[in-house]
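Visitor: Sequence:
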Amino acid sequence: MRRTAVRARWTLLACIGIAAVAILGLLLAGSQTVAVRSFVLRTPNMEPVAQLHSGQRVCEGPVTSPQPIQAVGVWGGSVIGLSRLRIDVSDASTGGPLASGRIAATAPGEYAARLDTTVPSAQQLRICVVGELNTFSLEGSPAQQPDVVMTGPNRGLEFSLVLLNNQRSLLGSLSTAFPRASLWHPSWVGSWTFWLLAIALLGSFGAGVVAVVSAASADEDDGDRPVVGEPGLQVRSDPGQDRPQPVR
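Oh and the sequence shown: position 73 is 73 in the numbering used here, straight run, nothing missing.
Derived from the structure by calculation, the hints contain no laboratory data. Keep in mind that this is a model prediction, so the values were computed, not measured. The C-beta atom is built at its ideal place from N, Cα and C for all residues, glycine as well. Check the hints yourself; a few may be wrong.
[Stated by the list, open to error] Quick list of the computed label-pair ranges, beta carbon to beta carbon:
#1 S93 with L133: 28 to 36 Å
#2 L133 with P66: 29 to 37 Å
#3 P153 with T117: 29 to 37 Å
With the hints as extra help, turn the sequences into a complete structure.
Guide: Printed below as a string of structure tokens:
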């Protein structure tokens, strides 16, 4: 029994250690900063709206972000090989430069340029995409926002655009994500439901530890029980049980 208790204790410690490492890994991953969309120009990337060769540019604005931005995202893809672009952010009122970043693009998709300077919030901005290498096909759709104007020959079009903020962690975004997720729910569901589910997820680690330790203890108890017929085991018999029986 003493050996069983020692093994159960070590099993419990091992399970607690594994659960602690898993939770610590989740917390570390959740503390990393992620790109959060602080502004989205609701223009879907449905079709090409501009072909940018080296040295050509197309701009649109004004747009305003409620939060500081550290990156700008656009949609499109290289026509052939690898394309390089530069994103310039300027003041829409004065035309003064504020920040810039670069993109290397291949297959069609979303590409984000990290800006060299954080752009303050609540400021009217003009976003320009400049071709630097090969040809990039910029994607967007017919204009969805009448106040936002895209330059170039294709009037009446807008390229898809997002402004990104990188100062929030995944854990820090939960207070925003849970209320948004609760918008589409039955009447009895609120943001508290998702917090409760998160707590239940953490509690499942503890339940798993208890289940593993219980199973290990049960296996040890079964292993310590003597087995009838085991070599060296003395089995007491009733008087006369081993006497020869007459054959009829």
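Visitor: Now look at each hint and say whether the structure bears it out.
Guide: Outcome of the hint check:
1. Between S93 and L133 the CB atoms are about 31 Å apart, so this pair conforms to the stated range of 28 to 36 Å.
2. Range check, L133 to P66: about 34 Å between beta-carbon atoms, so the 29 to 37 Å window is met.
3. Checked against the given bound of 29 to 37 Å, the beta carbons of P153 and T117, roughly 31 Å apart, stay inside it.
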